[in-house]
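Asker: First to last, the protein sequences are chains A and B.
Using our numbering, you'd call the opening residue of the first sequence number 6 and step up by one each time.
Using our numbering, you'd call the opening residue of the second sequence number 65 and step up by one each time.
Possibly wrong hints are sitting among the right ones.
Claimed, not checked - Straight line, CA to CA, 20 angstroms or less: simulated SDA-like cross-link-like pairs of lysine to any residue:
id, chain 1, residue 1, chain 2, residue 2
1, B, K108, A, K66
2, A, K66, A, T115
3, A, K66, B, N71
4, A, K66, A, E25
5, B, K126, B, P160
6, B, K108, A, G21
7, B, K91, B, P160
8, A, K54, B, G67
9, B, K108, A, D90
10, B, K91, B, K108
11, A, K66, A, Q7
12, B, K108, A, S19
13, B, K108, A, E25
FYI, nobody ran anything at the bench for these hints, they're computed from the structure.
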Amino acid sequence: AQSVTQPDIHITVSEGASLELRCNYSYGATPYLFWYVQSPGQGLQLLLKYFSGDTLVQGIKGFEAEFKRSQSSFNLRKPSVHWSDAAEYFCAVGPEGSNDYKLSFGAGTTVTVRA
Amino acid sequence: NAGVMQNPRHLVRRRGQEARLRCSPMKGHSHVYWYRQLPEEGLKFMVYLQKENIIDESGMPKERFSAEFPKEGPSILRIQQVVRGDSAAYFCASSPPAGAYEQFFGPGTRLTVL
């Protein structure tokens, strides 16, 4: 069964500094990978996704992620964070097969941005 | 194009009452998914429905929980005889028939059981 691990529960970063959020997955085949962001009290917004092709994926709000098959990782990066990037970030993988449509989510990483 | 709509956004129930959560998918989407987010945890899949059919309910508790997606109207997640452990955020997502790999999420319903 597929699973997702986000090793960092909470990250604090200064405004303007770079940010990297880690995501490791366990999956039996070529995964479909996603990063979502959840602002306080809000739903999930898709930042970016990887299905195939170029392993460096560009998303919205200046985010990018790199798929590394050898490391089973899909880390999210942003070169310079803004105060509005404070939120919770979820990595997700799925579906596992043609008859499986569910996404499996990591536990999330909370990002705090200090001035 | 309106996004996925969920109502109510907040719902308070006393133990033993029923909770009904509604989800209207994006226009043109015929697949609906329900996820539950417990405090300090990621989202966990509950059920996947298409119009008038439950496709996969492997994540749904066997008792007290049910879901439907009728031919007309929103999808409904129903929790009977709620208990405190049901307190969580319940998210609905939808996808078009040919794009099940990308799901669009609603704002969620936050259920509090007193």
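Asker: Now, for every hint given, state plainly whether the structure supports it.
Answerer: Quick rundown of the hints versus the structure:
no. : hint            : in the structure
1   : B/K108 x A/K66  : violated (26 angstroms)
2   : A/K66 x A/T115  : holds (17 angstroms)
3   : A/K66 x B/N71   : violated (28 angstroms)
4   : A/K66 x A/E25   : holds (14 angstroms)
5   : B/K126 x B/P160 : violated (28 angstroms)
6   : B/K108 x A/G21  : violated (33 angstroms)
7   : B/K91 x B/P160  : holds (9 angstroms)
8   : A/K54 x B/G67   : holds (19 angstroms)
9   : B/K108 x A/D90  : violated (24 angstroms)
10  : B/K91 x B/K108  : violated (25 angstroms)
11  : A/K66 x A/Q7    : violated (28 angstroms)
12  : B/K108 x A/S19  : violated (31 angstroms)
13  : B/K108 x A/E25  : violated (24 angstroms)
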